[in-house]
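Residues per chain, in single letters:
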Amino acid sequence: MPSPRFPIPQGTLDMLILQILSLEPAHGYGIAQRLEQISRSVVQVNQGSLYPALHRLQQKGLLRAEWKESETGREAKFYSLTQAGRRQLAFEKNSWARLSGAVRLIFEEGSR
Amino acid sequence: MIQLWNWFRRGSLERGLDRELQYHFDRRVGDLTASGIPEPEARRRVAVELGLAQVREEVRDVWLTRWFRDFLYDLRFSARSFLRSPGFTAVTLLSLALGIGATTAIYSLVDQVILHALPIKDPARVVLVDWDGDHVAGGFGSWNLMSYPICRDLQQQSQFFDGVLCRAEIDVNLAAGGDPKPVAAEIVSGSYFPVLGVGPSLGRVLEAEDDGAPGAGAVVVLSYSFWQAQFGGALDVIGRKVLINNHPMTVVGVAAAGFGGVDVGAVPALWLPASMYAEALPGAEDLLSSPIRWMQILARLRPGVSPAQAQAGLQPWFKAWLPDNMLRPGFPMISADRRRDYLGSTLTLTSAPQGHAPLRRSLSEPLWVLFAATGVLLGLACLNVAGLFLARGSARGREIGTRLALGASQGRIGRQLLADSLVLAVAGGVLGAFAAPLAIRGLIAFLPQDLAASALRGTLSFRLLTFAFFASVAAGLLSGLAPALHAGGGTLISSLRERAGTGFGDVRLRKYIVTLQVAFSLILVIGAALFLRTLSSLLAKGPGFDTASLVSFSLEPRKNGYSAADSHRLIERIHDAVRALPVTRDSGIARNELLTGGSWRNEVTIQTDRRYTTDRGVDLNAVSPGFFSTLNVRLLAGRDFDQHDSRPAGEPDRPCAIVNEAFVKRYLTGRDALGVRIGVGSGPDVKPDVPVVGVVTDFNYRGLRAQTEQAFFPISSKNEDFGAAFYVKLRGTPEQAFQVIRGVVRNADPQLPILGLRTVEEQVTRSLNTERMLAALSGSFGALALLLSLIGLYGVMSFVVTRRTREIGIRLALGATGASAIRLILRDAVIMIATGIAIALPCAAALGKLVQSQLFGVTATDPATVAAAALVLATGALVAAFIPAWRASNVSPTDALRLE
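As you go down the protein sequences, you meet chains E and A in turn.
Just so it is clear: in the first sequence, position 97 is 97 by the numbering used here, and no numbers are missing.
Just so it is clear: in the second sequence, position 238 is 238 by the numbering used here, and no numbers are missing.
Fair warning: there could be bad hints in the mix.
As the list claims (entries may be wrong) - Some but not every residue of chain E turned toward chain A, in silico, with C-beta under 8 Å:
(1) P52
(2) H55
(3) R56
(4) Q59
(5) G73
(6) A76
(7) K77
(8) N94
Claimed, not checked - Distance ranges between label pairs, derived from CB positions:
(9) A:T250 with E:Q83: 55 to 61 Å
(10) A:T65 with E:E24: 40 to 46 Å
(11) A:I2 with E:S22: 34 to 40 Å
(12) E:Q83 with A:G11: 26 to 32 Å
(13) E:E24 with A:L4: 31 to 37 Å
(14) E:Q83 with A:D70: 31 to 37 Å
(15) A:I37 with E:T12: 27 to 33 Å
Source of the hints: derived by calculation from the structure; they are not laboratory data.
Model, not experiment: these values are computed from the prediction.
Just so you know, even glycine gets a beta-carbon here, dropped at the ideal spot from N, CA and C.
Looking at chain E on its own, in the form it has when it is part of the complex:
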């Protein structure tokens, strides 16, 4: 059965994680659920690939992590944005907007 959802484009996962965490700190499972909700099941994220991405962002200093009590009462690892993370997100949003704007222009040019 062909999936109605398409796989997430290369490199955008990091940006989505940063965006989600810019709203509020969250743990890995929370981020997975939020991704699921926000993208309204259009984008397919492999749950497993979330964790390498989180650790990579943390190692780059874009995220910080701390262990806190979660909504279920168990300790969970909560990630939040650092200053550098915020800057990175702003930068990526900006370049994404320019890229998608450019792509749209080209498409409209072709369909006119």
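Following the hints, complete the assembly by docking chain A onto the known chain E.
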């Protein structure tokens, strides 16, 4: 960096990841069961969804790049396997530590003496300005000597130079409150500190104003280390009055810490301006305007100007300068030929970021020779370790075969073996680096000068550690490469089929290695033999005079404020008192001390039936009556000087001279030397009117190697320099005599320092320091090399015997004798030894040319020496090979056959 840190905390990282993933897993399962999926099904689905093992591995890759992680695991594996075989580890570790330690120690000296740039602003732009051609003008000092006026004139050449400085190293007597003590000083132009870009750490440095009219700048700047050592770093030292050669001068500053002048071999205690030359060098003529050469010139090039450009650009100016210089007062009269040579002179500029150091001139060649020797030694150590690795590799053949069979790539196995050798080499390097400072201090003790010993440091610097690190890694790669390539090259099936320890390829490779080792160590043994013969022939030859019970010391009254006449009177008085001592058998004085490496040197004009000039410098000295008899130097003809030859100041001397045998042989062959008239100098104005009254046998003046023409004059107040050197033949032991002599000098003038009071035998030993260093070090390197290669040979022969035990057992069972078994094994060894020697001999002959100048009494290819070295090596090697061979002959056939 973070990655390395992650490696050390990987335990806690793993635990954190586990908890994190477990949380995700539990929450997801919980959510799914809540939506009605039964728990076992939910668990299965979540496990698939997450792919836990995969996630973990990917996160680990984030923590630590894959290859790096593998490499660290390799290192850990290597370290563990080494700890399991401590004997093997100790032997390899020690041989590497030895090689690396020795190389590092010698490199330290090479670096400090030869390579290290001065701690000044932008040293790369500093050049040494020297004269190529006939200077005509006389001089005093060490090398690259120039006059003060040319330095002044060069400073105007600002299109090439940012600045030009000149300097000379001198000794002065310094009194700061207490008795005067001799200290090393640098007398410099006012441009010295600004051009080098060195500032003060206290007060100010010397400036152009200090270097004005003669006597105008009675100021000194102390070196930082001298200030710390002698003044305890006192801040109120600025403005203090000190006495330099009994002249009051003011301390105006302390130079920047770490700056020790431009000569690594002579760190000055203080700097004084050239304007104070008359005080610093008592009795000197007008040095600021005369063409006398006594200083070295260093210049700072303008940015973007190369030494070659500046050199070419300066020549027109220099051509015009040369005739002007001839007009200076004090410029000698010269013949037309000489004048042409003089006017053909050119200036040369050589890059001199390391400053100017005579020490470098005398030591750089021995140091490079030793550095090359340690390089060979390190190479040998690596070969030894490579051999040991191969032996271990064949013992590990099954392990490696199994790993290959389980799917490890050959590259992966090779990497593991390389990691092995790197771990060892770096551990050996750490050991070596710890041992190096001790070795360096030992080396410095060998060096020829007291000054050198104080100027060179035996501490580990960052540069040195970097060097040791690279040496270790190179050693590791070198010793690991052959085994690693070999492990990668073997086929899987053959390695599994072979029984442990029977690799054939291994043996061939190990034989090559041992052959190379034999060659390397023969080169080192030949070198050691050459240097030992040099030292022993110099010692056997001696200085050509009798050193038994002979002591010497120097006095320099002119540096304590005495006039030339007073100085001579004081020396005469002290000499009379010394002669009257009961311990004195005989005594004499000379203007210049013997065997210090220097001399008073000039051409001599000879008048026989024609007039001619010596074709090279003659070593000159002024001596008292009795000087030759004190040294037991025989008078071959004529007479010694007597008290009528030198008169007190004011009265004319009775001119006379004594020459040595070599002088007669070179310049007066076939005629009676007595009555020939000579004169010092080579110009047309020189009057050869001094009659030769005696001829003495040859003895060494400058050093033990130099056999030169010599001429002597009676010592008087007119030809003394700063004072005189005393030579005293004793009746008793030197120790008692030292006390008495000190007393005599103190009686005459309690403030006069006694310089270098010691036995002449000690002076002979000192003058041979470089030779002794070369002999001792090359000897120990040779011995170590021999030991290493013998161990290597023994190892490979034992291995061969073990491998062929069965074959030998069968031969013995079939009736072969023990002797034939020995021959069988030894044949292998003899081939290796002979090949090694055959490789080494041409190499040694080629390298010999490089060390020829360091040798004495023996040529680099001296057949007897080379043969003796080869014999020593071959004998040792045969003994090392014989032990396993003898074991082979004792193989019991039944045991050998049962072995299978």
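Okay, the hints, checked on the actual structure:
At a threshold of 8 Å, the smallest CB-CB gap from E:P52 to chain A is about 4 Å, leaving the interface hint in force. Taken as an interface hint, E:H55 checks out: its beta carbon lies about 5 Å from the nearest beta carbon of chain A, inside 8 Å. Using the Cβ-Cβ criterion of 8 Å, the hint placing E:R56 at the interface with chain A is satisfied: the shortest such distance is roughly 5 Å. With its C-beta approaching chain A no nearer than about 6 Å, E:Q59 sits inside the 8 Å limit, and its interface hint holds.
Hint status for E:G73: violated, given a least beta-carbon distance of 12 Å to chain A, over 8 Å. Checking E:A76 against chain A: minimum C-beta separation of about 5 Å stays under 8 Å; hint holds. The interface hint given for E:K77 holds, since its Cβ lies 5 Å from the closest Cβ of chain A, which is under the 8 Å cut-off. With 8 Å as the threshold, the beta carbon of E:N94 stays out of range of chain A, its nearest partner Cβ sitting at about 26 Å, so the hint is violated.
At about 59 Å, the beta-carbon gap between A:T250 and E:Q83 stays in the expected band of 55 to 61 Å. At roughly 33 Å, the beta carbons of A:T65 and E:E24 sit outside the given window of 40 to 46 Å. Range check, A:I2 to E:S22: Cβ separation about 24 Å, and the 34 to 40 Å hint is violated. Distance hint check for E:Q83 and A:G11: the Cβ-Cβ separation is about 30 Å, which falls inside the suggested range of 26 to 32 Å.
The hint said 31 to 37 Å for the Cβ distance between E:E24 and A:L4, and at roughly 34 Å that hint holds. Here the CB-CB span from E:Q83 to A:D70 is close to 35 Å, well matched to the stated 31 to 37 Å. Our hint of 27 to 33 Å for A:I37 and E:T12 holds, since their Cβ atoms are close to 30 Å apart.
Hint check: violations occur at hints 5, 8, 10 and 11; the rest are consistent with the structure.
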